[in-house]
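Chains as they are written, first to last, in our numbering: chain P, 1 to 334; chain W, 1 to 334.
The hints are simulated quantities; they were obtained by calculation from the structure and are not laboratory data. If you're wondering where the values come from, they're calculated on a predicted model, not measured in any experiment. The beta-carbon is built from N, C-alpha and C at its ideal position, and this holds for glycine as well. Fair warning: there could be bad hints in the mix.
In silico DSSO-like links for lysine-lysine, alpha-carbon gap of 27 Å or less [as the list claims (entries may be wrong)]:
# : chain 1 : residue 1 : chain 2 : residue 2
1 : W       : Lys295    : P       : Lys263
2 : P       : Lys140    : W       : Lys63
3 : P       : Lys263    : W       : Lys80
4 : P       : Lys63     : W       : Lys140
5 : P       : Lys263    : W       : Lys63
Partial list, derived from the structure: chain W residues whose beta carbon lies under 8 Å from chain P [unchecked claim]:
#  : residue
6  : Ile5
7  : Thr185
8  : Asp218
9  : Ala243
10 : Ser259
11 : Lys269
12 : Val272
Protein chains: 2
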Amino acid sequence: MNRSILLQSRPVGMPGPENFEFREGSVQEPQEGQAVIRTLYLSVDPYMRGRMSDAKSYVEPFKLNEVISGGIVGEVVESKSGDLQPGDKVIGMLGWRLYNTVDAGSVRKLDPSIAPLSAYLSVLGLTGLTAYFGLLDIGKPKAGETVVVSGAAGSVGMFVGQIAKIQGTRVVGIAGTDEKCEYLTRELGFDAAVNYKADNFQEELAAACPNGVDVYFDNVGGSVSDAVMNLLNDYARIPLCGAISSYNSTEDVGPRILSKLIKTRSMIKGFVLSDYASRQAEGMQQLGQWLAEGKLKYEETIVEGFDHVVDAFLQLFQGTNLGKMLVKVSDPQA
Amino acid sequence: MNRSILLQSRPVGMPGPENFEFREGSVQEPQEGQAVIRTLYLSVDPYMRGRMSDAKSYVEPFKLNEVISGGIVGEVVESKSGDLQPGDKVIGMLGWRLYNTVDAGSVRKLDPSIAPLSAYLSVLGLTGLTAYFGLLDIGKPKAGETVVVSGAAGSVGMFVGQIAKIQGTRVVGIAGTDEKCEYLTRELGFDAAVNYKADNFQEELAAACPNGVDVYFDNVGGSVSDAVMNLLNDYARIPLCGAISSYNSTEDVGPRILSKLIKTRSMIKGFVLSDYASRQAEGMQQLGQWLAEGKLKYEETIVEGFDHVVDAFLQLFQGTNLGKMLVKVSDPQA
């Protein structure tokens, strides 16, 4: 018996359970060259909110009444392909289903001896690579500079900060609770962390950046970014990774930034991981090495059970998760 | 007898005559290695508004009760330097004075046979070079793409559009009167021009850019730029040259743009001509060649008389000038 989650309606503003539908059905029989993949870990990510709208964006919108897809680590349970054997662990962009029946070429085999399976959905996957390329290729931090990252306790942000530390910079994280801020400085080695919900956030941020801001890795947009824009040094670089604060807002008004960018001759660039598809192997190799050397820590918030996939996705917008939000759907059997 | 113009007080919001003071004095005697330069043409430019504030910016603020400085073309009337002879035409960043006494090395000799003297303050000077480097180095237009330029009938904008045409792009100008728009399409070869004061500006702009916007060369910021941001194609490039709409505003609020930049993975970069100091000769050579080939037209609004320098500067913010705003202070004598 299979189960799947479909997009029932397009959210306006904040999504809710009513936008999703759980449906039951049978597992599709594999054709020649195909395999059946049982879902072990399923990734829920803020960018998916964009695909739930039908507005123009960098990925195709999800279709109404079709199964939602995202990053999944799974186990091969049946195979009609010579490339995959039952028990193999794989990763791919698959449907939110208990079982996906797919062409063998659409998933990639994992080596569970290098890192736990879930790591392939965080540090060695989308989020680690996003941090790596956005920070190093667009942010280009130099030793001694100040790097600020918003959404710092989120799945991308915590890698941004740690990679920035490896580069020899001063790292300041912005997060939404004092506990997260303490986690960043105590556990991840950030030089400072500021709670954006503090009354005097702008002043605290300025105090945490006595030499201004050279690189701002932005995951959130909105008023948090407004505050950072006041502190830019000349020739600052701003990799734009996300704007989670805006994803659910139909109106988003704030101080215009163009004149600040001119005065400082700063650069902003939006990016998406697929821009770096050709360099993925390089990124995974470097991240794996830092992981092995103990230079990168990672954190996961793991929700248990396919029943809670939608809840886990909705929680992303409450700011409660620490690190990568994953759903553990089942244990490996082999 | 010498005359000069000083910054009397720092403008708050729109500058007015009360911020300036005309002062009379004597012409300073040249020391060994110095020369006395009589002002022929004096350039007034929007960026000077920034120097009148004491806020952090890319150039030092003007000092209160000191003479304002800017681009000036002049004639040597007395010289105690072997490098300059009376009658030589020179260009430099000099004081708003009838006569400047300066070190010979602080000015550059001009060849009046290549172009009229005033051209060295526009197409072959600050504005032509600004258009050249901002468009080609940051905007990187490719043949067949759509380039939009705001402030299109201004001193930088009209070169941006013409250089973009030379690159084989579709060029759309934004200006503030129908006359300017007609000038852009009829005289300068723009493919379309839109009046931002039209009631349905957003719709007209969209109609003028049926394939979206690949490069947006921004001279104005504010609500004009808000409209362009709605039309960005994927991987759009936005050279930020000016934000004249914001220079006199103490509060500048509008739609936030970060989520639009992410969705399109666009790039914005503020720049200033001095970023390209090492490539100035290349720029002048290319601009001079296009000028000689008849591929670049230029326009000047020339105000006559030193008495009207402040008026000419203030007029920049009324949107009435076509092309480069200059003040002709005196005729060459040699």
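Within 27 Å, alpha carbon to alpha carbon, are Lys263/P and Lys63/W? Given pair Lys263/P, Lys63/W holds - Cα atoms ~18 Å apart, limit 27 Å.
Given a cut of 8 Å on the nearest C-beta pair, is the interface hint for Ile5/W held or broken against chain P? violated (24 Å)
Take the C-alpha atoms of Lys263/P and Lys80/W, compute the straight-line distance between them, and say whether it is at most 27 Å. violated (39 Å)
Between Lys140/P and Lys63/W, does the CA-CA distance stay at or below 27 Å? Violated, because 35 Å separates the two Cα atoms, which is more than 27 Å.
Holds or violated: Lys295/W to Lys263/P, with C-alpha atoms at most 27 Å apart: violated (32 Å)
With a cut-off of 8 Å on the beta carbons, see whether Ala243/W makes it to chain P. For Ala243/W, the interface hint holds, since the closest Cβ of chain P sits about 4 Å away, which is under 8 Å.
Hint check: is the beta carbon of Asp218/W less than 8 Å from a beta carbon of chain P? holds (7 Å)
Restraint outcome when Ser259/W is required to lie within 8 Å of chain P by C-beta distance: holds (4 Å)
Closer than 8 Å between Cβ atoms is the bar; does Val272/W clear it against chain P? Give me holds or violated. It holds, given that the least Cβ distance between Val272/W and chain P is near 6 Å, below 8 Å.
Holds or violated: Lys63/P to Lys140/W, with C-alpha atoms at most 27 Å apart: Given pair Lys63/P, Lys140/W is violated - Cα atoms ~35 Å apart, limit 27 Å.
Taking the least C-beta to C-beta distance, is Lys269/W closer than 8 Å to chain P? With a minimum Cβ separation of about 4 Å from chain P (threshold 8 Å), the hint on Lys269/W holds.
Supplied contact hint for Thr185/W, tested at 8 Å Cβ to chain P: violated (26 Å)
Violated hints, in rising order: 1, 2, 3, 4, 6, 7; the structure is consistent with all others.
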